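Asks: Chain by chain, the residues:
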Amino acid sequence: MIPELGHFALWLAAMAALAQAFAPTVGLWRNRDDLADLAVPTALAQGLFTGLAFVALAYAFIISDFSVKLVAANSHSMKPDMYRFTGVWANHEGSLLLWVLVMALAGVAVALAPATLGSRFRARVLSVQGFVSLGFFAFLLFASNPFERLIPAPTEGVGLNPLLQDPGLAFHPPLLYAGYVGLSVAFAFAVAGMLENKVGPQWARATRPWIAGAWALLTLGIALGSYWAYYELGWGGWWFWDPVENAALMPWIAATALLHSIAVVMKRDALRAWTLLLAVAAFSLSMMGTFIVRSGLLTSVHAFAVDPTRGLFLMLLMALYIGGALTIYALAAGRVAEGRQFALVSRETSLVANNLLLSAMLGVILLGTLYPMALEAMGGAQISVGPPYFNRTIVPMLLVAAVLMGIAPWLGWKRSATGHLARRLLPASIATAAAAVVAVLLLDVRGIGAILGFAAAAWLGAASITILVRRGLTFNSAGMALAHLGVAVSILGATASGALQREALVALRVGDSVQMGPWRAELMDVRPVAGPNWTAIEATLYVQRNGRPVGTVTPQSRMFIAPAQETTESGRTGWRMGEVYAVLGKPDGSGRWQVHLWVKPLVRLIWIGGLLMALGGVVALGGRVRALALRRRKLVTFAEPQAA
Amino acid sequence: MAVAKPKQQRLVLALAAVAVLAAAGVIASFALQDTAAYFKAPADIAASPPAPGQTIRLGGLVKTGTVTRPGDGLELHFIVTDMKADTNVTYRGLVPDLFREGQGVIATGSFDAQGVFRAQELLAKHDEKYMPPEVAKALEKQGHPVNAS
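Sequence lines, in order, name chains L and R. Sequential numbering from 2 applies to the first sequence in this note's numbering. Sequential numbering from -16 applies to the second sequence in this note's numbering.
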């Protein structure tokens, strides 16, 4: 009964989306305010019904209702409670339901947020959102119904891929989706801005918080995904340039570029057409990411759908939205007035440079991700493009970006005064030189790439801190400086954990130990342990540094009961901001155990940098929230005398 | 410095954009050529052996009865087959959980001067549902279709 109600709620939500898409469109066209005013209630209804549908599916998962096909195929009664719930979105249909839920909630947020550009503009935005939701509802209802029954019901479910039975599943997909879908709001604002001819500083001020919010969520989602892959896969790395990762990184890069270019529209009313194009591109890349990941084009833990008709449906949907938005863009671009001009050395130029660099990175990643797929689709050779390609192309561009990011915040809008630059960048210059010297002399770093990495991190970090400790800090500049500091911290973590890493691959008997520079690990014990739905062999390694105890690491080799599958769980212990990371292999038949050990100095800074970046996005949002609150207070104080 | 006229400024911006993107494109395509790893099945290798040191992805089934662990317990020897030709592989490292005799595997690595394929990385999937698509295709080519669920 509950699943049928959920299915019904989904249909109602789709109907609400239909009304949300068309009623305001007709209303705005025919100047019928009654129809245009339907935008807000329909958006709220869409949110409510999608929420109910989601709750119904979650209920089926939690009570293990195996008469629902999706639950039977992806859940198991012995699965821990937490994964019974998070398992809702660990499959194709459920993850799509999460997608439309987040989309519907974004509509609710737009409907309830102050309509600073007028109710007509809000109706337009909501109708665009309705159109986008509608396609995904159609996909869900016609090609991926999550509530499909399975009669007779099996007594037990198949279970969930053990790699996904992890707390990371609770946060990584919802955050990522919230980021993707937040970009759909920016997309809706861009399309509405073109249709209503409202693109300008006002429009930018209203759009920017949505971009900043989406960007912060996307940053968190990606950072969390990286951390999860790091500890779950047991390969010792934190980014593999897998197409699935690139699919999330590309919208992030587009959103980053958008976040910077919209500042130019806001402050200087320039780069309008380019900013619109970026807003369209950011959401298009989000959809493409979902398409690549979910269509079964790739084999990975992320690929759920292997049904080719589903892939085709998603592709048509994507083509429809991107094509539609680009058509509107082509028609409206002529009307978007030319921006103002600016000097060669100015904040505007630096932001243009930022956008060029980010576009180049985007292009390089797009090429590396799509080329192998396109080549294979056309019957060519099967190739794979991996870390060597991306490291050779992206890393140099990132270093250039880091240099510019240190300078750009000190440049003024419009003008080209550069006299103060040298003085303000003095701390950063000293830090850079110091970092290079420390890296070469004390840490014995020899690779030119690693030395440049340390130097770039010091440069950008010191320059960002110089901004943060200045007086007269605004929300916007604090947010920017924090985000830039985050980039510096991540670069430091990535450089140090790579350049200063120690690694050992050994076969150990209990009592044996292995030495890696000042580090020493001793195999104390190997014994069986049991969890809620798995049993495991667990090794205990005692780690010392220069004779002082650091901690123990306990890597496991797990055997899950349903589905019957083995996984390795890495064992980790922290040391300052670094980690000792161990993976347990197989016994060799003569009492020895294979152990792969890494010492990764400062590795945690990679994700702490991600947190700082997201925090920067949130702080930048704070300025807008405060401005709106101040304005409301003013309105209230004006209104009060009249009321009295 | 004097502020440029809007038209000129647009032109300069557009030229700079084209220059940067073109440079990125050139660098990227060279990097792509240098680093792309081709997928090859044992039959492909028998037909045209790749140069030593060239990174390839070797895919097929782990031939039953060929997995041995000589030496210090970290070395793994096995044969990858596509039912038509065989390739000897050596690998040093932890073996993935899903590595089994008779199952699909993709080994990334290169041939050394002695003609032994040295794998740097093994990727294994344990059932037909998760069969790497490249391996399924290679087997199909040799007349052994795999039923993908």
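The set of hints was computed from the structure by calculation and includes no laboratory data. None of the values given here were measured: they were computed from a predicted structure. Cβ atoms here follow ideal geometry from the backbone N, Cα and C, with glycine treated the same way. Mixed in with the good hints there might be a few duds.
Covered stretches of chain L (chain R as the covering partner; in silico rule of three or more C-beta atoms under 8 Å from a C-beta of chain R) [to be verified]:
#1 27 to 35
#2 371 to 384
#3 577 to 590
Here are the simulated distance ranges between beta carbons [unchecked claim]:
#4 R:34 with L:546: 40 to 46 Å
#5 R:34 with L:52: 58 to 64 Å
#6 L:565 with R:50: 47 to 53 Å
#7 L:546 with R:99: 22 to 28 Å
#8 L:150 with R:50: 43 to 49 Å
#9 R:101 with L:575: 45 to 51 Å
#10 R:9 with L:316: 45 to 51 Å
#11 L:531 with R:13: 35 to 41 Å
#12 R:13 with L:316: 43 to 49 Å
#13 L:404 with R:9: 19 to 25 Å
#14 L:334 with R:9: 40 to 46 Å
If you want the footprint, here are the derived chain L segments under chain R, 3+ residues with CB under 8 Å [said to hold, decoys possible]:
#15 173 to 187
#16 562 to 571
Asks: CB of residue 34 of chain R to CB of residue 52 of chain L, is that within 58 to 64 Å?
Replies: The hint (58 to 64 Å, Cβ to Cβ) holds, given that residue 34 of chain R and residue 52 of chain L are roughly 59 Å apart.
Asks: Take the C-beta atom of residue 565 of chain L and the C-beta atom of residue 50 of chain R, compute their distance, and say whether it sits inside 47 to 53 Å.
Replies: Distance hint for residue 565 of chain L, residue 50 of chain R is violated at roughly 21 Å.
Asks: How does the Cβ-Cβ distance of residue 13 of chain R and residue 316 of chain L compare with 43 to 49 Å: does it lie in that range?
Replies: Between residue 13 of chain R and residue 316 of chain L, where Cβ atoms are some 31 Å apart, the hint is violated.
Asks: Holds or violated: 40 to 46 Å for the Cβ distance of residue 34 of chain R and residue 546 of chain L?
Replies: 44 Å Cβ-Cβ, so the 40 to 46 Å window holds.
Asks: Within 19 to 25 Å or not, the Cβ separation of residue 404 of chain L and residue 9 of chain R?
Replies: About 22 Å separates the Cβ atoms of residue 404 of chain L and residue 9 of chain R, which means 19 to 25 Å holds.
Asks: With a cut-off of 8 Å between beta carbons, are at least three residues of the segment 577 to 590 of chain L near chain R?
Replies: holds (count 5)
Asks: Do three or more residues from the segment 173 to 187 of chain L put their C-beta atoms closer than 8 Å to C-beta atoms of chain R?
Replies: violated (count 0)
Asks: Starting from the hint 22 to 28 Å, judge whether the C-beta atoms of residue 546 of chain L and residue 99 of chain R obey it.
Replies: violated, 38 Å
Asks: Please test the hint of 43 to 49 Å on the beta carbon pair from residue 150 of chain L and residue 50 of chain R.
Replies: holds, 44 Å
Asks: Closer than 8 Å, Cβ to Cβ, for at least three residues: run that test on the segment 27 to 35 of chain L against chain R and report holds or violated.
Replies: violated (count 0)
Asks: Okay, residue 531 of chain L versus residue 13 of chain R on CB: inside 35 to 41 Å?
Replies: violated, 53 Å
Asks: In this structure, is the beta-carbon distance linking residue 334 of chain L and residue 9 of chain R contained in 40 to 46 Å?
Replies: violated, 29 Å
This entry does not satisfy hints 1, 6, 7, 9, 10, 11, 12, 14, 15, going by the numbered hints stated previously.
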